Amino acid sequence: GAVVSQHPSRVICKSGTSVKIECRSLDFQATTMFWYRQFPKQSLMLMATSNEGSKATYEQGVEKDKFLINHASLTLSTLTVTSAHPEDSSFYICSATTAGEITGELFFGEGSRLTVL
Amino acid sequence: GENVEQHPSTLSVQEGDSAVIKCTYSDSASNYFPWYKQELGKRPQLIIDIRSNVGEKKDQRIAVTLNKTAKHFSLHITETQPEDSAVYFCAAGLYNFNKFYFGSGTKLNVKP
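Those protein sequences? They're chains W and V, same order as listed. Residue numbering for the first sequence follows the numbering used here, beginning at 1 and increasing consecutively. Residue numbering for the second sequence follows the numbering used here, beginning at 1001 and increasing consecutively.
Certain hints may be false.
Here are the simulated distance ranges between beta carbons [unchecked claim]:
(1) V:S1052 <-> W:T17: 41 to 47 Å
(2) W:C13 <-> V:G1055: 47 to 53 Å
(3) V:K1057 <-> W:R10: 35 to 41 Å
Please keep in mind that the hints were generated in silico from the structure rather than gathered at the bench. This one's a predicted model, so the numbers in the text were calculated from it and none came from an experiment. We treat Cβ as the ideally placed atom computed from N, Cα and C, and that holds for glycine.
Using the sequences and the hints given, assemble the complete structure.
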């Protein structure tokens, strides 16, 4: 099956610094990747849709300047949390879909737990 | 955008019993409704899905029903087993875009 890898799995940073999280599709090309935020005991909140070679589409209420998304290739999307604050601490998870083949199935990364001190 | 509500938030059943999880959605344009299972510390995995042109779909012990008029869909697990214990998420969205909005999740605990 399709494999999506996320890195790092855990990151701790100081308030005010920026953190980059990578999402890679290892064995398929993903024209579209999605970024979610998952709070403890809560659902996957869709943050943005990342399309290769174009600007990301953000969901209502998600700050574009806070959460920078880049999808430079068909196998890599990055989420950068800029000037992180403790309230940005959360579990961030990405998913990807196969290019040219709409199956409806999302393939998720392992997730990245961000802790901002 | 789409708003998906899911109930219950937690569900405990005895092994062998059935479990039902219900979801509602708000956007009548949504035409695809997948269900994902997330075991502790693992990534969500698709377990079953249904498209809007179908009212029911079954895969062994798992079934999903859809009522487009009422905008609700349900997951049914029969003969539950301890390994069914996990968090289950419903989702709704557009099939051809693979963009889905998730429910709040149901933590299912199957007691042996």
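For each hint, the structure was consulted:
1. Between V:S1052 and W:T17 the Cβ separation comes to about 45 Å, which falls inside the hinted range of 41 to 47 Å.
2. Between W:C13 and V:G1055, the C-beta spacing of about 49 Å keeps the proposed range 47 to 53 Å intact.
3. For the pair V:K1057 and W:R10, the beta carbons lie near 37 Å from each other, so the given range of 35 to 41 Å is met.
Figure legend: structure checked against the earlier numbered hints; every hint is met.
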